[in-house]
Amino acid sequence: MLEVDIKKRLPGFTLEVAFSVNREILSILGRSGSGKTMTLLSIAGLLCPDEGYIKLNGNVLFDSAKKICLPAQKRNIGFVFQNYALFPHLTVRENIAYGIRHLPKQEIQEKTCQLLSLIHIPDLGHRYPNELSSGQQQRVALARAIAPSPGVLLLDEPFSALDALRKEQLEYELLSLQQVYSGDIIFVTHDLAQGYKLGSKMAVYEAGRIVQCDAKQKVVYSPINRSVARLIGVRNLVDGKVTKIADNHVWVKIDSVCAELKVITEESSQYAVGQEVIIGIRPECVRICQNNEENTVVCMLERYIEGVDINHVRFNTCKDGSGGYLIDANIPTGMMPQLSAGHECKLYLPPEHLIILNR
Amino acid sequence: MAESILPPLLISLKTVLATTAITFFAGIAAARWMARYSGRFKNLIDSLFILPLVLPPTVVGFGLLLLLGRNSPIGGLLDALGTSIVFSWPATVIAAAVMSFPLMYMTARGGFEQVDINIENAARTLGANEWRVFWTVTMPLAWPSIVSATILALARCLGEFGATLMLAGNIPGKTATIPVAIYFNIQGGHYDQAMILAAIVLVISLASLTILAYYKQKVRKAARN
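Chains A and B, in that order, give the protein sequences. In this text, residue positions in the first sequence follow my numbering: the first is 99, and each later residue adds one. In this text, residue positions in the second sequence follow my numbering: the first is -4, and each later residue adds one.
No lab work stands behind these hints: they were computed from the structure. Nothing here was measured: the structure is a model prediction, and the numbers come from that model. Certain hints may be false.
To be verified - To give a feel for the contact side, a few chain B residues facing chain A, derived at Cβ under 7 Å:
1) N113
2) I114
3) N116
4) A117
5) R119
6) T120
7) L121
8) G122
9) A123
10) N124
11) P135
Claimed, not checked - Short, incomplete list of chain A residues facing chain B, as computed with Cβ under 8 Å:
12) A142
13) G176
14) F179
15) Y196
16) P246
As the list claims (entries may be wrong) - Taking CB as the label site, the calculated pair distances span:
17) B/L43 x A/S231: 46 to 52 Å
18) B/K169 x A/C146: 53 to 59 Å
19) A/T112 x B/T78: 58 to 64 Å
20) A/T112 x B/P51: 46 to 52 Å
21) B/K216 x A/E149: 49 to 55 Å
22) B/R127 x A/N323: 42 to 48 Å
23) B/R127 x A/R401: 57 to 63 Å
24) B/Y178 x A/C146: 53 to 59 Å
25) B/A24 x A/N323: 50 to 56 Å
26) B/F36 x A/V406: 55 to 61 Å
27) A/K295 x B/W130: 37 to 43 Å
The beta-carbon is built from N, C-alpha and C at its ideal position, and this holds for glycine as well.
Only chain A is shown next, with the shape it has when bound in the complex:
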């Protein structure tokens, strides 16, 4: 169990975060410069916060009140750096054994062999890091970090330098890692899809603060505010007013557009008729439809980019193209009707995919 409550002031930036991780994977999501990496460095002891405390399994790693700040070497924390930071002058085997040299020789030998086969390169122990592929290097960095059985494993944008195919493979491997590594895992990413896939809990960072920290489903399906919604991929956000509430349905009238949209939410009791709210939808949930069902909006196609499997289309709710709300939609290539800019069409916004939040 890792408990963090820290504050660090820098010129023009303040990091102030508090969270805890208990035998789970926490993914920290945020734009670059929001303090994600700084948090990891503070936990690892490579950066000293100004105030607060950090505790790992009951041991104090940092406590400003008691003037305790253990150096990195005494914290027993695994760190996988964004650029892997392997020791280029040591072999793969020596890299993995670097953190466990206090063990008896026999044990070091066994452990490195075990880790080498775990990362699928049992025969490459004698090679140097630059003789491996980037995916293999990444796995060596992971093996090196977990070799000393750290209390918590920190991963800083671990897959950002890999291509999509390798990324998927490694994500799978990271998840299977939990069979051999039982401590807490925190990893930092700016990629929502990855954060969702790998984490069980998600913390959304903005300008040095946590705006939402919750189970991943909760973060993705009920973001707490506009900026979290944006960050988790809800690109279309418009202001509206609640007109009717029934069971788990909320009807929202969109300002300046003649449309009333039905939203399905389990938290309908939180809202009141007349309340000003924001509703949003992900581009991939917007559909083009033919008939006038409920939750449809008439729009004009403004522009689109054709993709291999998905077309990125932008619609405007105002038919003459001036003003109005812009709605971005990702339409699968097979579902894309023959349309060109200026055409009018109807968009269906499924009530189960609409997200409602307080203004």
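Once you have looked at the hints, place chain B on chain A.
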């Protein structure tokens, strides 16, 4: 002939070895400290370390003379102990050390700064203390620069003239290094002896720099693979 060639050669070699040993450790210590130091006076300290490189050697020698001479506190203390540094063999070492320090410092510092701080940090998170990080990570990674630094400092020591003459003087068989001996040989019209000494310096310096160039090429090739 040999009696006028051999003493300066031996003095120079002795001075070069002693000085390089001192500069090696002092330069590395200063470089390592400055490479990660970010205090207020960073630039000032850095400039002070490099200053002997741009000052006229006579000015450095003059400064050392004032600092260590008989009328200075240090000189006075040594005098009370019945000894003195000025115009003795150690003076050649001090003068050469001060003059070669900037090259050692600058080159080594460049090497340390190029070491990815994440790699050092990785070692720290793996339980290595600062000492182990330095010897198992920082030094091996900065090694090519350290080698360059040492060879450049060594060559600079061998060629040191102005500050040495000011502080150590020209005492044949005691403080007259090769460059000093060359100067006084030419003054005295002994061109043949000057020529031999000059040739020796030329060969050693050229050989050092060529070895360094080959070494650098090898390192670059290894890094590419």
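### Query
Using the C-beta atoms of A/T112 and B/P51, is the stated range 46 to 52 Å upheld?
51 Å, holds
### Query
Has the hinted range 46 to 52 Å been met by the Cβ atoms of B/L43 and A/S231?
Given about 47 Å between the Cβ atoms, the range holds.
#### Entry: Minimum beta-carbon distance criterion (7 Å), B/N116 to chain A
5 Å, holds
### Task
Starting from the hint 42 to 48 Å, judge whether the C-beta atoms of B/R127 and A/N323 obey it.
47 Å, holds
### Proposed interface contact between B/I114 and chain A, which counts if any beta carbon pair is under 7 Å
Where the cut-off is 7 Å and the nearest Cβ of chain A is about 5 Å from B/I114, the hint holds.
#### Entry: chain A contact restraint for B/L121 - C-beta distance below 7 Å
Cβ of B/L121 sits 3 Å from chain A, so the hint holds.
### Query
Against chain A, with CB atoms and a cut of 7 Å, does the hint on B/R119 hold up?
With a closest approach of 4 Å, the B/R119 hint holds.
### Message
Please check whether B/G122 passes as an interface residue: C-beta within 7 Å of a C-beta belonging to chain A.
### Response
With Cβ-Cβ at 5 Å, under 7 Å, it holds.
### Task
Double-check B/P135 for me: the hint is only fine if its C-beta lies closer than 7 Å to a C-beta in chain A.
Given a least distance of 5 Å, the restraint on B/P135 holds.
### Task
Evaluate the given range 57 to 63 Å for the C-beta pair formed by B/R127 and A/R401.
59 Å, holds
#### Entry: Supplied contact hint for A/F179, tested at 8 Å Cβ to chain B
Holds. Min distance 5 Å.
### Message
50 to 56 Å was suggested as the range; check whether the CB atoms of B/A24 and A/N323 agree with it.
### Response
For B/A24 and A/N323 the Cβ distance comes to about 53 Å; the hint holds.
Hint violations for this structure: none, all hints satisfied.
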